[in-house]
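J.: Sequence:
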Amino acid sequence: MQTAAAPTAWAPVAALRVPSDLGRRLDEGRHTDTVRAFVLARRTFLAGERVDMNVLASTLGVDRTSLFRWLGNREALMSEVLWSLAEPTLTRIERSTTDTGAARITRVLAEFVATLIEARYFQDFLKREPTRALSILTRKDSQVQRRYLAAVEAMLEAEVEAGRMRFSLTVHDLAYLLVRISESFTYADLITGEQPSATRARAAFEYVLREP
Numbered sequence: 001m002q003t004a005a006a007p008t009a010w011a012p013v014a015a016l017r018v019p020s021d022l023g024r025r026l027d028e029g030r031h032t033d034t035v036r037a038f039v040l041a042r043r044t045f046l047a048g049e050r051v052d053m054n055v056l057a058s059t060l061g062v063d064r065t066s067l068f069r070w071l072g073n074r075e076a077l078m079s080e081v082l083w084s085l086a087e088p089t090l091t092r093i094e095r096s097t098t099d100t101g102a103a104r105i106t107r108v109l110a111e112f113v114a115t116l117i118e119a120r121y122f123q124d125f126l127k128r129e130p131t132r133a134l135s136i137l138t139r140k141d142s143q144v145q146r147r148y149l150a151a152v153e154a155m156l157e158a159e160v161e162a163g164r165m166r167f168s169l170t171v172h173d174l175a176y177l178l179v180r181i182s183e184s185f186t187y188a189d190l191i192t193g194e195q196p197s198a199t200r201a202r203a204a205f206e207y208v209l210r211e212p
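Using our numbering, read the sequence shown as starting at 1 and increasing by one per residue.
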C-alpha cells in the first residue's frame, strides 16, 4: 500500500553528519572567491570536460596557490562537485517517492543508480578518469561515499523509527551493504567489465531488503 511520503529531512542530515571543509566554506556564503571558483569547476564538469586546476586558475586570473587556498586540492574539489550533484538528485527522487518501508528504499536507490548511469557528464568522467573516479567515489575515506552512506543510513533510520522496517543487521551495516551494491552496478564496467545496470541493482536491493 502506498501512503504519503515521509518528511524529507534525511539529505540535510547526511551533510551535517559528514561535513567537509570546502562544503562548510560554500555553505557559509561569505567566501565569494571560493564560490566563484567552485561554480566554474562545476560548470566545467557538467559540460563533460576535465576539471584542470591550472586551467581553472588561469580562467579565474589567479595562481594555483590562491586556488588551493580557496578550494583545497583537486580531489577535495571533485568530491564536492560530485556530491553537489548527487545530493539534490537523491532528494528529488526521495521526495517523489510515495512508497514506504523496503519498497521506498529500493525505489530511491534504484532510481539514483539509473540516473547516474544515464548522466552523460558523469559517464564522461568515469571514462576519462576511471582510476581517479573510483578512488574519489568508493575508497574508505571518500567524502562522496561517506555522505552517500550517511544519507542511506538516515533513510533506513526513518523507516525503522516509523515501524515500517526491521532487519537483523545494524542500520550502519545494512546501509554500507546497500551503498556497495549501488556502486557495484553503477561502476560495473570499471570493476568487472560488465554493463552497468539499474535493473540488476534494483533486483539486488529487493533481495537484500526482503522481509526476514
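Check the hints yourself; a few may be wrong.
Unchecked claim - Derived CB-CB ranges, DEER-like:
#, residue 1, residue 2, range
1, 29, 169, 38 to 48 angstroms
2, 58, 128, 13 to 23 angstroms
3, 32, 118, 30 to 40 angstroms
4, 124, 161, 20 to 30 angstroms
Claimed, not checked - Simulated crosslink set (DMTMM-like; lysine to aspartate or glutamate; CA at most 25 angstroms straight-line):
#, residue 1, residue 2
5, 127, 75
6, 140, 75
7, 140, 111
8, 140, 194
Everything labelled a hint here was simulated from the structure, so no lab data went into it. Even glycine gets a Cβ: it sits at the ideal position worked out from N, Cα and C.
J.: Which numbered conditions among the earlier hints are violated in the structure presented, ordered from lowest to highest?
T.: 4
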